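In order, the protein sequences belong to chains R and A. When you line the first sequence up against this note's numbering, it's residues 1 to 426, in that order. When you line the second sequence up against this note's numbering, it's residues 1 to 307, in that order.
Among these hints, one or two may not hold up.
Residues of chain R clear of chain A, computed beta-carbon distances all greater than 10 Å [stated by the list, open to error]:
#1 Glu29
#2 Gly30
#3 Ala43
#4 Ala133
#5 Glu195
#6 Ser199
#7 Leu202
#8 Ser217
#9 Phe273
#10 Val318
#11 Glu319
#12 Ser321
#13 Ala362
#14 His405
#15 Phe423
#16 Lys424
Okay, derived cross-link-like pairs now, BS3-like style, lysine-lysine, Cα gap no bigger than 25 Å in a straight line [stated by the list, open to error]:
#17 A/Lys91 - A/Lys30
#18 R/Lys271 - A/Lys16
#19 A/Lys197 - R/Lys271
#20 R/Lys297 - R/Lys253
#21 A/Lys286 - R/Lys271
#22 A/Lys68 - R/Lys271
#23 A/Lys30 - R/Lys271
#24 A/Lys180 - R/Lys271
#25 R/Lys3 - R/Lys421
#26 R/Lys253 - R/Lys293
To be clear, the hints were calculated from the coordinates, so they are not data collected in a lab. Here the structure is a predicted model, which is why all the values come from computation and not from measurement. The beta carbon of each residue, even a glycine, is placed where N, CA and C say it ideally should be.
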Amino acid sequence: MAKKRILIKGGRVVDPARKIDRVADIFIEGGQIRNVGSMNYQAEEVIDATGLVVAPGFVDMHVHLREPGDEGEETIASGSAAAIAGGFTSVACMPNTKPPIDNEASAEYVLLLAERAGGANIFPIGGVTKGLAGKELSEIGQLSRGGAVAFSDDGNPVSDAEVMRRGLEYASMFDKTVISHCEDLSLSGDGVMNEGYVSMVLGLRGIPKAAEEVMVSRDIILAAHTKSRVHIAHVSTAGSVDLIRRAKEQGVKVTAEAAPHHFTLTEETIKTFDSKYKMKPPLRTQEDVDALKLGLKDGTIDAIASDHAPHSEEEKDVEFSFAPNGVIGLESTLPVAITELYKTGLLTLIELVAKFTSNPSAILGINRGTLGEGASADLTIIDLEREWTLDSGRFKSRSRNCPFHGRKVFGKAAYSIVGGKVFKLD
Amino acid sequence: MSWHRKHLLTLEELTKEEILHILDTAESFKEVSTRSIKKVPALRGKVVANLFFEPSTRTRISFVLAAKRLSADTIDFSSAGSSTVKGETFKDTSRNIEAMGIDIAVIRHSAPGAPKMLAECIDARVVNAGDGTHEHPTQGLLDIFTMREEKGRVEGLNVLFVGDITHSRVARSNIWGLKKLGANVGVVGPATLIPQKIEELGVKVYHDLDEVIGQFDVINLLRIQLERQRQNLFPTIREYSRLFGITGERMRRAKPDVLIMHPGPINRGVEITPEVADGPNSVILKQVTNGLAVRMAVLYLVSGIKD
Numbered sequence: 001m002a003k004k005r006i007l008i009k010g011g012r013v014v015d016p017a018r019k020i021d022r023v024a025d026i027f028i029e030g031g032q033i034r035n036v037g038s039m040n041y042q043a044e045e046v047i048d049a050t051g052l053v054v055a056p057g058f059v060d061m062h063v064h065l066r067e068p069g070d071e072g073e074e075t076i077a078s079g080s081a082a083a084i085a086g087g088f089t090s091v092a093c094m095p096n097t098k099p100p101i102d103n104e105a106s107a108e109y110v111l112l113l114a115e116r117a118g119g120a121n122i123f124p125i126g127g128v129t130k131g132l133a134g135k136e137l138s139e140i141g142q143l144s145r146g147g148a149v150a151f152s153d154d155g156n157p158v159s160d161a162e163v164m165r166r167g168l169e170y171a172s173m174f175d176k177t178v179i180s181h182c183e184d185l186s187l188s189g190d191g192v193m194n195e196g197y198v199s200m201v202l203g204l205r206g207i208p209k210a211a212e213e214v215m216v217s218r219d220i221i222l223a224a225h226t227k228s229r230v231h232i233a234h235v236s237t238a239g240s241v242d243l244i245r246r247a248k249e250q251g252v253k254v255t256a257e258a259a260p261h262h263f264t265l266t267e268e269t270i271k272t273f274d275s276k277y278k279m280k281p282p283l284r285t286q287e288d289v290d291a292l293k294l295g296l297k298d299g300t301i302d303a304i305a306s307d308h309a310p311h312s313e314e315e316k317d318v319e320f321s322f323a324p325n326g327v328i329g330l331e332s333t334l335p336v337a338i339t340e341l342y343k344t345g346l347l348t349l350i351e352l353v354a355k356f357t358s359n360p361s362a363i364l365g366i367n368r369g370t371l372g373e374g375a376s377a378d379l380t381i382i383d384l385e386r387e388w389t390l391d392s393g394r395f396k397s398r399s400r401n402c403p404f405h406g407r408k409v410f411g412k413a414a415y416s417i418v419g420g421k422v423f424k425l426d
Numbered sequence: 001m002s003w004h005r006k007h008l009l010t011l012e013e014l015t016k017e018e019i020l021h022i023l024d025t026a027e028s029f030k031e032v033s034t035r036s037i038k039k040v041p042a043l044r045g046k047v048v049a050n051l052f053f054e055p056s057t058r059t060r061i062s063f064v065l066a067a068k069r070l071s072a073d074t075i076d077f078s079s080a081g082s083s084t085v086k087g088e089t090f091k092d093t094s095r096n097i098e099a100m101g102i103d104i105a106v107i108r109h110s111a112p113g114a115p116k117m118l119a120e121c122i123d124a125r126v127v128n129a130g131d132g133t134h135e136h137p138t139q140g141l142l143d144i145f146t147m148r149e150e151k152g153r154v155e156g157l158n159v160l161f162v163g164d165i166t167h168s169r170v171a172r173s174n175i176w177g178l179k180k181l182g183a184n185v186g187v188v189g190p191a192t193l194i195p196q197k198i199e200e201l202g203v204k205v206y207h208d209l210d211e212v213i214g215q216f217d218v219i220n221l222l223r224i225q226l227e228r229q230r231q232n233l234f235p236t237i238r239e240y241s242r243l244f245g246i247t248g249e250r251m252r253r254a255k256p257d258v259l260i261m262h263p264g265p266i267n268r269g270v271e272i273t274p275e276v277a278d279g280p281n282s283v284i285l286k287q288v289t290n291g292l293a294v295r296m297a298v299l300y301l302v303s304g305i306k307d
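Produce the complete structure using the sequences and hints provided.
Shown next as structure tokens:
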């Protein structure tokens, strides 16, 4: 099936890696892109993409798939199905499973389950440290051989600066990026939301912006010192955007991602005490939302990633203070990004697509994110004009903790194509 | 005016008129306590459930007695910490208790927002008896009731809160209520225990008690918890009481008719010395007495009974 010859006709082809944005046909053969242009090849399957956007397959570089350990919340198969449904042909999964992905065998296990699922490409991210405990480096070399594309203790920061320094140095030997969850735990303490006016009124413990920014600063300094690459996960504050922008100007090898909830929602939502707005880092203020958007526009923020973090309803639907952190996003990220960033005129289509394709692929060092000849036939075909309402009850994910449930959005993936395997979406 | 709310969750959401209506209703209930038969039939046949998910003595007893004086049947439910510890979620516990046929749920809980969550998941009326560090609306009301009773007005009164503002639900409810009624509110305490954004509530912030104590008509002391010292929010109890404790000596700088209030339980020798706590300016026990009348008024009003 994957070897089928497919012709995608008349779509608006947007390929940021090659600066292409024009109407063209695409011919796929043997699971690879064969040709982009105007053509009349014989194909077993013809997809009429008239009026649709044909992009390289979208990459979500930050998801939690919960398997092994919490299969009630998500499995690699259900996460893969959610990715496909949301227009993502590739995802990079964080290692904070039970047990964590901190050795070669566990990375290979993820790849095995991904192959069995037969959906999206799943790229494991390995732990920087053994057990993600922040003490001793994990076997980064062996993990790389087992398929880990980057390294992170995400969920936890690497609190010890010396461990982070060595992690950056050691990972750079394998040309791998360390993805940093920036949170100074001594400053975030047992905070449950952004520290500010709303936390004061609600009497909820606050997490100051400084808890993130202190560590963003540290990691920028360490990346510069070690001449290594660091990627800042889920940037949430205006101050962090500023720090990253200045570091990039100085030539530090730092990249960054933002999640749709952080560039769309604010701490005001927590006045409902609804735990579907609880995550780390927490939702901040309008000023931060505006700064994230500016950072996306000027390239300070390279990628958009969901930080898809499934939690069961019984665990999540409790008192706000007691609920776990995290929201799901695989099936809401693409439409929310289109609605908030493209439909508002902030980003051009090619800029938006780059945040989901060429940029995350480059950061992860994976050969995805372009429609060049010979590239893996991973494509996302999008109907930009489709207006619909997000309904987490219909998600393929096993969890329902989506902060955008009930939101009216524009844009929906019409097809996800992975290595020439076509998933037609409703 | 007539009362339309099903619940009393915060003072933030009440209007000035609604607050005054509760205070006026409480005044008429206060008279009941002076009768030889201290009981009215207003809530006869109704069930008031006191759901205390966090330990409390005086608030719980005050609500139970208020319900009994209104002739309601009462249920007492106490559970240390969250019921989730036992594997049952808060919502399940709430629905179970509601299934017993209650009319009003009085809830004390360590998590801010728990009363709102309860109000959204059950049909009964809900009264917040303190939710974490969020609000304690009946305490705010009884404090304001006491100020009005003693001073004859609230508008224009200068009210000072001393101590740990950050962790005080009492301060939050008081500030909302007092600002709506036109009082001037100041807070004094360690910089580590005053939220950065408090001034956005129209409150003045001070750190030197001796400098400002003479400006105020009412001083409401907040309980200082030893736990805060372990969190490094102040260095020692000794330094705290030197800087912010109300002593006889400090009282000489205050207005002669200043009211000294405290939501209790008091730490004698820490926030307040015994001579002040038991002295002529202290209305601490009157607060407790008024609490009963205010809670009768709140239970009566949210019940929706019209006479």
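Now the hints, each set against the structure:
At the 10 Å boundary, the C-beta of R/Glu29 stays outside the reach of chain A, the nearest C-beta of that chain being 54 Å off. Its beta-carbon lying about 53 Å from the closest one in chain A, R/Gly30 satisfies the requirement of being farther than 10 Å from that chain. Its beta-carbon lying about 54 Å from the closest one in chain A, R/Ala43 satisfies the requirement of being farther than 10 Å from that chain. With 10 Å as the threshold on Cβ separation, the claim that R/Ala133 sits away from chain A holds: the shortest Cβ distance comes to roughly 25 Å.
The Cβ of R/Glu195 sits about 8 Å from the closest Cβ of chain A, inside the 10 Å cut-off, so the non-interface label is violated. Distance check on R/Ser199: its Cβ comes as close as 8 Å (rounded) to a Cβ of chain A, failing to clear the 10 Å threshold; non-interface status is violated. Not every C-beta of chain A lies more than 10 Å from that of R/Leu202, the closest at about 5 Å, which undercuts listing it as non-interface. Remark: the non-interface label on R/Ser217 is consistent with the geometry, its nearest Cβ contact in chain A lying 21 Å away (cut-off 10 Å).
Residue-level check failed: R/Phe273 sits 3 Å from the nearest beta carbon of chain A, not beyond 10 Å. Its beta-carbon lying about 6 Å from the closest one in chain A, R/Val318 breaks the requirement of being farther than 10 Å from that chain. R/Glu319, annotated as away from the interface, has a beta carbon of chain A within 10 Å; the closest lies near 4 Å. Distance to chain A contradicts R/Ser321 as a non-interface residue, since its nearest Cβ pair spans about 4 Å, not more than 10 Å.
Residue placement check: R/Ala362 keeps its beta carbon more than 10 Å from all beta carbons of chain A (closest about 40 Å). Listed as outside the interface, R/His405 is consistent with that label: its C-beta sits roughly 16 Å from the nearest C-beta of chain A, beyond the 10 Å cut-off. Listed as a non-interface residue, R/Phe423 keeps its Cβ farther than 10 Å from every Cβ of chain A; the least gap is roughly 37 Å. Residue placement check: R/Lys424 keeps its beta carbon more than 10 Å from all beta carbons of chain A (closest about 39 Å).
For the given pair, A/Lys91 sits about 35 Å from A/Lys30 by alpha-carbon distance, which is inconsistent with the 25 Å threshold. A C-alpha spacing of about 21 Å is found between R/Lys271 and A/Lys16, which places the hinted pair at or below 25 Å, so the restraint holds. Using a Cα cut-off of 25 Å, the hinted pair A/Lys197 and R/Lys271 holds, with the two alpha carbons roughly 16 Å apart. Among the hinted pairs, R/Lys297 with R/Lys253 is consistent with the structure: their alpha-carbon atoms are about 19 Å apart, no more than 25 Å.
Of the supplied pair hints, the one linking A/Lys286 and R/Lys271 is violated, its CA atoms being roughly 34 Å apart against a limit of 25 Å. This hinted pair does not check out: A/Lys68 and R/Lys271 have alpha carbons roughly 34 Å apart, beyond 25 Å. Proximity of A/Lys30 to R/Lys271 is assessed by CA-CA distance (about 35 Å); at most 25 Å being required, the pair is judged violated. Among the hinted pairs, A/Lys180 with R/Lys271 is consistent with the structure: their alpha-carbon atoms are about 20 Å apart, no more than 25 Å.
Proximity of R/Lys3 to R/Lys421 is assessed by CA-CA distance (about 8 Å); at most 25 Å being required, the pair is judged to hold. Of the pairs offered as hints, the one joining R/Lys253 and R/Lys293 holds, with about 21 Å between alpha carbons and a cut-off of 25 Å not exceeded.
Consistency note: the structure conflicts with the earlier hints numbered 5, 6, 7, 9, 10, 11, 12, 17, 21, 22, 23.
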